[in-house]
Amino acid sequence: MSGPGSGIEISDECISEYKSFQQSADSGKRCIIYKITDDNKQIVIEKKVDKGPGKDDAEDFDEIVSCLEDKEPRYLVFDLKGPGKGGAAANNRVIVLTWISDSAPVKKRMLYSASFNSLKAKLPGVYKFITVNDKGELTYQRIMSELS
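The sequence shown runs 1 to 148 under full-length UniProt numbering.
You may find that some hints are simply not true.
[Said to hold, decoys possible] Restricting the straight-line Cα-Cα distance to at most 27 Å, the calculated cross-link-like pairs of lysine-lysine (DSSO-like) are:
id, residue 1, residue 2
1, 81, 108
2, 29, 55
3, 107, 51
4, 47, 128
5, 81, 122
6, 29, 107
7, 55, 122
8, 19, 47
9, 71, 48
10, 81, 41
11, 48, 120
12, 19, 35
13, 41, 55
14, 35, 108
[Claimed, not checked] Beta-carbon label-pair distances, calculated as ranges:
id, residue 1, residue 2, range
15, 53, 7, 16 to 24 Å
16, 91, 71, 17 to 25 Å
17, 142, 71, 33 to 41 Å
18, 55, 7, 21 to 29 Å
19, 39, 141, 24 to 32 Å
20, 148, 125, 28 to 36 Å
21, 102, 54, 15 to 23 Å
22, 148, 12, 29 to 37 Å
23, 41, 93, 27 to 35 Å
24, 141, 37, 16 to 24 Å
25, 16, 103, 31 to 39 Å
26, 16, 127, 28 to 36 Å
27, 133, 47, 30 to 38 Å
28, 35, 128, 33 to 41 Å
Don't read these hints as lab results, they were simulated from the structure. All C-beta atoms, glycine included, are put in the ideal place defined by N, C-alpha and C.
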């Protein structure tokens, strides 16, 4: 399924897994990590991550992002409890985090940036889209501040 922009297809599995992830916040899934294939033709699922037993959102988030490499951009779909508005209770929120490190090769940075809108169009109902380019910004606290 090709989207506008970069001409890179988004696999049907990406879309169906996202829909399943979005519809069942208590499914036990924490994150879906998408990548562009080595031949630069398709966005596919690289990994699905379950919620860690006995771990809170912050611990799971930190563990997942610690595995990201500077030279390898990724798209991550997270299920996180975001702060409620006006003092209301926290709610589960689906966010998409685009990791494109400034030290990634220029071609990869351009490809992931150009493909983002195609992916975004296929992921309805996302609470917030956040792009991060520096590991120093890749913290749970910073992401939570974006959700307030």
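Okay, the hints, checked on the actual structure:
Restraint check for residue 81 and residue 108: the C-alpha separation of about 31 Å exceeds 27 Å, so the hint is violated. About 13 Å separates the Cα atoms of residue 29 and residue 55, which keeps this hinted pair within 27 Å; it holds. For the hint linking residue 107 to residue 51, the alpha-carbon distance of about 33 Å lies beyond 27 Å, and the restraint is violated. Taken as a hint, the residue 47 and residue 128 pair is honoured in the structure, with Cα atoms around 21 Å apart against an allowance of 27 Å.
At roughly 23 Å between alpha-carbon atoms, residue 81 and residue 122 fall within 27 Å of each other, so this suggested pair holds. About 31 Å separates the Cα atoms of residue 29 and residue 107, which puts this hinted pair outside 27 Å; it is violated. Taking the CA atoms of residue 55 and residue 122, the gap is about 30 Å. The hint is violated against a cut of 27 Å. The straight-line distance between the Cα atoms of residue 19 and residue 47 is roughly 16 Å, inside the 27 Å bound, and the hint therefore holds.
With a CA separation close to 21 Å, the supplied pair residue 71 and residue 48 stays within the 27 Å bound. At most 27 Å may separate the alpha-carbon atoms for a hinted pair to count; residue 81 and residue 41 exceed this at roughly 34 Å. Note on residue 48 and residue 120: the hinted pairing holds, with a Cα-Cα distance of about 18 Å set against a maximum of 27 Å. Pair hint residue 19 plus residue 35 holds up; C-alpha atoms about 18 Å apart against a cutoff of 27 Å.
For the proposed pair residue 41 and residue 55, the alpha carbon gap of about 36 Å is over 27 Å, so the pair is violated. At roughly 11 Å between alpha-carbon atoms, residue 35 and residue 108 fall within 27 Å of each other, so this suggested pair holds. Checking the proposed 16 to 24 Å range against residue 53 and residue 7 shows it is violated: the Cβ atoms sit about 41 Å from each other. A C-beta distance of roughly 35 Å is found between residue 91 and residue 71, which places it outside the suggested range of 17 to 25 Å.
In this structure the hint that residue 142 and residue 71 lie 33 to 41 Å apart at CB is violated, the actual value being about 22 Å. As the Cβ distance of residue 55 to residue 7 is approximately 39 Å, the hint placing it in 21 to 29 Å is violated. Checked against the hint of 24 to 32 Å, the pair residue 39 and residue 141 fails, with Cβ atoms roughly 37 Å apart. Evaluation of the 28 to 36 Å hint for residue 148 and residue 125 yields a failure: the beta carbon distance comes to about 20 Å.
At about 35 Å, the beta-carbon gap between residue 102 and residue 54 misses the expected band of 15 to 23 Å. Taking 29 to 37 Å as the suggested C-beta distance range, the pair residue 148 and residue 12 conforms, at roughly 35 Å. For the pair residue 41 and residue 93, the beta carbons lie near 31 Å from each other, so the given range of 27 to 35 Å is met. The supplied range of 16 to 24 Å is broken by residue 141 and residue 37, whose beta-carbon atoms lie about 33 Å from each other.
For the pair residue 16 and residue 103, the beta carbons lie near 33 Å from each other, so the given range of 31 to 39 Å is met. Our hint of 28 to 36 Å for residue 16 and residue 127 is violated, since their Cβ atoms are close to 20 Å apart. The given range of 30 to 38 Å is broken by residue 133 and residue 47, whose C-beta atoms sit roughly 21 Å from each other. Look at residue 35 against residue 128: about 21 Å separates their beta carbons, and that is not inside 33 to 41 Å.
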